[in-house]
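First to last, the protein sequences are chains A and B. Taking this note's numbering, the leading residue of the first sequence gets 1, the next gets one more, and so forth. Taking this note's numbering, the leading residue of the second sequence gets 485, the next gets one more, and so forth.
For the record, the hints were derived by calculation from the structure and aren't laboratory data. Don't take every hint at face value.
Distance condition first, Cα-Cα at most 30 Å in a straight line; then the derived DSS-like pairs of lysine-lysine [claimed, not checked]:
#, chain 1, residue 1, chain 2, residue 2
1, A, 312, A, 154
2, A, 441, B, 598
3, A, 181, A, 339
4, B, 572, A, 254
5, A, 189, B, 593
6, A, 189, A, 254
7, A, 125, B, 598
8, A, 142, A, 254
9, A, 141, B, 562
10, A, 325, A, 441
11, B, 561, A, 441
12, B, 598, A, 417
13, A, 149, B, 593
14, A, 466, A, 339
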Amino acid sequence: MNVGGIELVKVRENLWEIPATGQMKVPGRIYISQDMIEKGLKNDEALKQVVNVAHLPGIEKYSLAMPDIHWGYGFPIGGIAATNLDEGVISPGGVGYDINCGVRLATTNLEYERIKKRIDRLVSKLFNAVPTGVGASGAIKKLSTMDLKKVLTKGSVWAVENDLGTSSDIDFTEESGTLKKADVDVVSKRAIERGADQVGTLGSGNHFLEVDVVEEIYDAKVAEVFGLFNGQIVVQIHTGSRGLGYQVCDDYLKVLLQASNKYGFKLPDKQLACAPINSQEGQDYLAAMQAAANFAWNNRQVIMHLAKNVFKDTFSMTESELGFKLLYDVCHNIAKIEKHKIGKEEKEVCVHRKGATRAFPPGSKMIPAKYQGVGQPVLIPGDMGRYSFILVGTDKAMEETFGSSCHGAGRNLSRTKAMKHAKGRDLVGELKKKGISIQAKGYKTLAEEMSDAYKDVSDVVDVMHKEGITRKVAKIRPVGVIKG
Amino acid sequence: MTKSYRFVDHTADIAAEISGSSLEELFTAGAQALIHSSVDEKQFEADDLLEIDLSASSREELLITFLNELNYLLITKKWLYLSIHSIKIFNDTDVYELSVELNGTELKKDIQLKQEIKSVTYHQVEIVEADGNYSTLVVFDI
Numbered sequence: 001m002n003v004g005g006i007e008l009v010k011v012r013e014n015l016w017e018i019p020a021t022g023q024m025k026v027p028g029r030i031y032i033s034q035d036m037i038e039k040g041l042k043n044d045e046a047l048k049q050v051v052n053v054a055h056l057p058g059i060e061k062y063s064l065a066m067p068d069i070h071w072g073y074g075f076p077i078g079g080i081a082a083t084n085l086d087e088g089v090i091s092p093g094g095v096g097y098d099i100n101c102g103v104r105l106a107t108t109n110l111e112y113e114r115i116k117k118r119i120d121r122l123v124s125k126l127f128n129a130v131p132t133g134v135g136a137s138g139a140i141k142k143l144s145t146m147d148l149k150k151v152l153t154k155g156s157v158w159a160v161e162n163d164l165g166t167s168s169d170i171d172f173t174e175e176s177g178t179l180k181k182a183d184v185d186v187v188s189k190r191a192i193e194r195g196a197d198q199v200g201t202l203g204s205g206n207h208f209l210e211v212d213v214v215e216e217i218y219d220a221k222v223a224e225v226f227g228l229f230n231g232q233i234v235v236q237i238h239t240g241s242r243g244l245g246y247q248v249c250d251d252y253l254k255v256l257l258q259a260s261n262k263y264g265f266k267l268p269d270k271q272l273a274c275a276p277i278n279s280q281e282g283q284d285y286l287a288a289m290q291a292a293a294n295f296a297w298n299n300r301q302v303i304m305h306l307a308k309n310v311f312k313d314t315f316s317m318t319e320s321e322l323g324f325k326l327l328y329d330v331c332h333n334i335a336k337i338e339k340h341k342i343g344k345e346e347k348e349v350c351v352h353r354k355g356a357t358r359a360f361p362p363g364s365k366m367i368p369a370k371y372q373g374v375g376q377p378v379l380i381p382g383d384m385g386r387y388s389f390i391l392v393g394t395d396k397a398m399e400e401t402f403g404s405s406c407h408g409a410g411r412n413l414s415r416t417k418a419m420k421h422a423k424g425r426d427l428v429g430e431l432k433k434k435g436i437s438i439q440a441k442g443y444k445t446l447a448e449e450m451s452d453a454y455k456d457v458s459d460v461v462d463v464m465h466k467e468g469i470t471r472k473v474a475k476i477r478p479v480g481v482i483k484g
Numbered sequence: 485m486t487k488s489y490r491f492v493d494h495t496a497d498i499a500a501e502i503s504g505s506s507l508e509e510l511f512t513a514g515a516q517a518l519i520h521s522s523v524d525e526k527q528f529e530a531d532d533l534l535e536i537d538l539s540a541s542s543r544e545e546l547l548i549t550f551l552n553e554l555n556y557l558l559i560t561k562k563w564l565y566l567s568i569h570s571i572k573i574f575n576d577t578d579v580y581e582l583s584v585e586l587n588g589t590e591l592k593k594d595i596q597l598k599q600e601i602k603s604v605t606y607h608q609v610e611i612v613e614a615d616g617n618y619s620t621l622v623v624f625d626i
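For reference, chain A alone in the conformation it holds in the complex (with noise of 0.2 Å):
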């Protein structure tokens, strides 16, 4: 099959290759069903963003792409790269301007049916009690520039040490909640005032808190030790570093533009810009890529404690009569140096996932204790009108994708053909009709992100579960959402 002038030989039913010509050094992979590709892919630059990506020096094994596949800046969104650290590079453009862009989900003990005359009241006072919306500041008071720095070097563990989360959050947090290696040294003083007011702030666009209801399982095993059950109330977070980490973005895309130069990489994408991981420039972004992913962090541990004394207090509920409790969090937008399989040696390898999260397997020492019997939950989003989705990590991703798996649906329309689809319709009212409570801060917000606007994110779900690289374990609906 030729998309756009890019090869694609079909190696099994939803995953296709791009046979390695020219200057790239690893073929591409792609897993994606015939079908996404005749409706989307045809009349997007992904593939070739997917070609460009084969070109990073050390690129091991393939340059793949998730099912979500829609084309970004630099690496497409879905693209996951490894790269070896003795000649591989790091690229920002594989991690994305908002670093740590991620989501988390907590269960409750609550019934859906026993409070869903409540939920109007519910996500009004979440509405009031978490700072939504374009440049909003934050719930708990603008921070130091101690505190800040304490913030980039602990990550939720700054949260948790200020009474805004427990120790056990920590434990069902990815990477604890820290990365180690932050360093607030090689974090611009700019990015830091960008951050300084914004601790505890959902953004806007398609960040999101919904209470959503567990509507179906797949996977009772796998639901019993995630501590899901049929009618549950459960809270899902998708937010990211803010201002924060779009500038440490921005500040390393300069450096690593001088640095492409420097090393003489010859790129064929601007934004693909990257440095020797080993190099100053390198080992420079990783670790402020790093302070600007524990701020992520701690920004969703925060936002989820308010959300808990929220539901606490319209419940009227003690906090173990609620059972609220994190099943886990995830980043979608971050590199991390990982051990993998490669050809029959394990290795540490760069893993750049932009648009795509970590999917661990049963058994592996990197996800909680209570997870080692099933595999690392995977919490895909989708839009606020249909559903989403918690899968399960397998060996299967281990052995084929770096250990990683999609992240969400990708948008359908561009805002602007949004607002046209939304024109004259009472959105409020239709989100209403399917029984979902919402608030946001414009119409404006609301025509944008309607359903409309995105693709359908079972289909996605569907290609990774079928390839075996993650498992359906429930699908959620929304009952209540609130937007920026």
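Got chain A sorted already, so can you dock chain B onto it with the hints?
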């Protein structure tokens, strides 16, 4: 006056084709596109002047640095650019420099932005000169 900007459809972010009969006009068009994406600028009046000097190793990088500076002023410093008072771009061997005076206003209270621009990207930024006109696409990651 031939500086202009035109938004083009983009699935996830904001893209604008900008043009001008000089680099200075091109940069001004980019600034207008950025600010129009963020605020309803007609609501504000300029009562302040701010001078900034920037440098970069290419024209494209200078453009992105300049636009990101305006975004930083708005989001973090709460200072809104409204128009250019004077602008000069010059280059000496490998360095491009910009010296600009901005008309704007300090925002005394929080305003509702149309959206927060995370950053101005390098995606497809390539300043092309043809028939006395400079143009490029710029994409704002939101």
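Here is what the structure says about each hint:
no. : hint            : in the structure
1   : A:312 <-> A:154 : 27 Å, holds
2   : A:441 <-> B:598 : 11 Å, holds
3   : A:181 <-> A:339 : 17 Å, holds
4   : B:572 <-> A:254 : 22 Å, holds
5   : A:189 <-> B:593 : 24 Å, holds
6   : A:189 <-> A:254 : 16 Å, holds
7   : A:125 <-> B:598 : 24 Å, holds
8   : A:142 <-> A:254 : 29 Å, holds
9   : A:141 <-> B:562 : 18 Å, holds
10  : A:325 <-> A:441 : 28 Å, holds
11  : B:561 <-> A:441 : 22 Å, holds
12  : B:598 <-> A:417 : 16 Å, holds
13  : A:149 <-> B:593 : 27 Å, holds
14  : A:466 <-> A:339 : 26 Å, holds
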